[in-house]
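Heads up: the protein sequence lines correspond to chains W and C, in order. Numbering of the first sequence is given in the numbering used here, commencing with residue 1 and proceeding in unit increments. Numbering of the second sequence is given in the numbering used here, commencing with residue 113 and proceeding in unit increments.
Every clue listed holds true.
What follows is a list of derived Cβ distance ranges for each label pair:
{"hint": "1", "chain 1": "C", "residue 1": "N165", "chain 2": "W", "residue 2": "N59", "range": "26 to 36 Å"}
{"hint": "2", "chain 1": "W", "residue 1": "F60", "chain 2": "C", "residue 2": "L158", "range": "22 to 32 Å"}
{"hint": "3", "chain 1": "C", "residue 1": "K169", "chain 2": "W", "residue 2": "G16", "range": "44 to 54 Å"}
{"hint": "4", "chain 1": "W", "residue 1": "R55", "chain 2": "C", "residue 2": "S140", "range": "18 to 28 Å"}
Under the rule of at most 30 Å between Cα atoms (straight-line distance), these lysine-lysine pairs were calculated in the BS3-like manner:
{"hint": "5", "chain 1": "C", "residue 1": "K211", "chain 2": "W", "residue 2": "K13"}
{"hint": "6", "chain 1": "W", "residue 1": "K57", "chain 2": "C", "residue 2": "K211"}
{"hint": "7", "chain 1": "W", "residue 1": "K57", "chain 2": "C", "residue 2": "K134"}
{"hint": "8", "chain 1": "C", "residue 1": "K154", "chain 2": "W", "residue 2": "K57"}
{"hint": "9", "chain 1": "C", "residue 1": "K223", "chain 2": "C", "residue 2": "K169"}
{"hint": "10", "chain 1": "W", "residue 1": "K57", "chain 2": "C", "residue 2": "K180"}
Rather than coming from a laboratory, the hints here were simulated on the basis of the structure. Idealized CB from N, CA, C, for every residue including glycine.
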Amino acid sequence: KAGVTQTPRYLIKTRGQQVTLSCSPISGHRSVSWYQQTPGQGLQFLFEYFSETQRNKGNFPGRFSGRQFSNSRSEMNVSTLELGDSALYLCASSLTGSYGYTFGSGTRLTVV
Amino acid sequence: GENVEQHPSTLSVQEGDSAVIKCTYSDSASNYFPWYKQELGKRPQLIIDIRSNVGEKKDQRIAVTLNKTAKHFSLHITETQPEDSAVYFCAASINGGGKLIFGQGTELSVKP
Numbered sequence: 001k002a003g004v005t006q007t008p009r010y011l012i013k014t015r016g017q018q019v020t021l022s023c024s025p026i027s028g029h030r031s032v033s034w035y036q037q038t039p040g041q042g043l044q045f046l047f048e049y050f051s052e053t054q055r056n057k058g059n060f061p062g063r064f065s066g067r068q069f070s071n072s073r074s075e076m077n078v079s080t081l082e083l084g085d086s087a088l089y090l091c092a093s094s095l096t097g098s099y100g101y102t103f104g105s106g107t108r109l110t111v112v
Numbered sequence: 113g114e115n116v117e118q119h120p121s122t123l124s125v126q127e128g129d130s131a132v133i134k135c136t137y138s139d140s141a142s143n144y145f146p147w148y149k150q151e152l153g154k155r156p157q158l159i160i161d162i163r164s165n166v167g168e169k170k171d172q173r174i175a176v177t178l179n180k181t182a183k184h185f186s187l188h189i190t191e192t193q194p195e196d197s198a199v200y201f202c203a204a205s206i207n208g209g210g211k212l213i214f215g216q217g218t219e220l221s222v223k224p
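In isolation and in its complexed conformation, chain W is listed as follows (with noise of 0.2 Å):
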């Protein structure tokens, strides 16, 4: 069974540009969870949608939104860029939307 794919895996992009990023869940899972991963914040959560609602929400700028579709899959968008969002950013799914979260390989971002 396929695993949680993200899509793109690398993207380099100018600041003051957007960005839009892809997870496609385990299938059969309803819960998607967005992560910023970086060497100096570790891992932050972004975002957790369940059933196309948001369910909670981590403590980052409104230029960071996302979005799920009736089919599971999840979008994440990050408007106006700069060079501190840099990062790795790491979808993770769940079948109960409550354990056993399982994440993709990630989508590696740099901003210049």
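Since the structure of chain W is already known, use the hints to place chain C on it.
Same frame as chain W, but now just chain C:
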């Protein structure tokens, strides 16, 4: 706010020795505690998790213990092998759910 402290940040052991990583959480409502292993350039992988109604859980060479009174939980790896070398993250969440608060990570090095 919610916070998870993880110690030590680096740990070096000889092959065959045991390794212990400790985490402390701040929110007493936390009730789910997973541990993830992340090898260089790879996604975090769930290796073991524990819920607050259980004090200890084992899976082969890996065990996790939870002390709800003291609000801390620990990962124990016995008979370490070089392939155990990786960064280990603890996390905590409230009511299960996709909002995981991660510790800063422990870089474990197992020397042959």
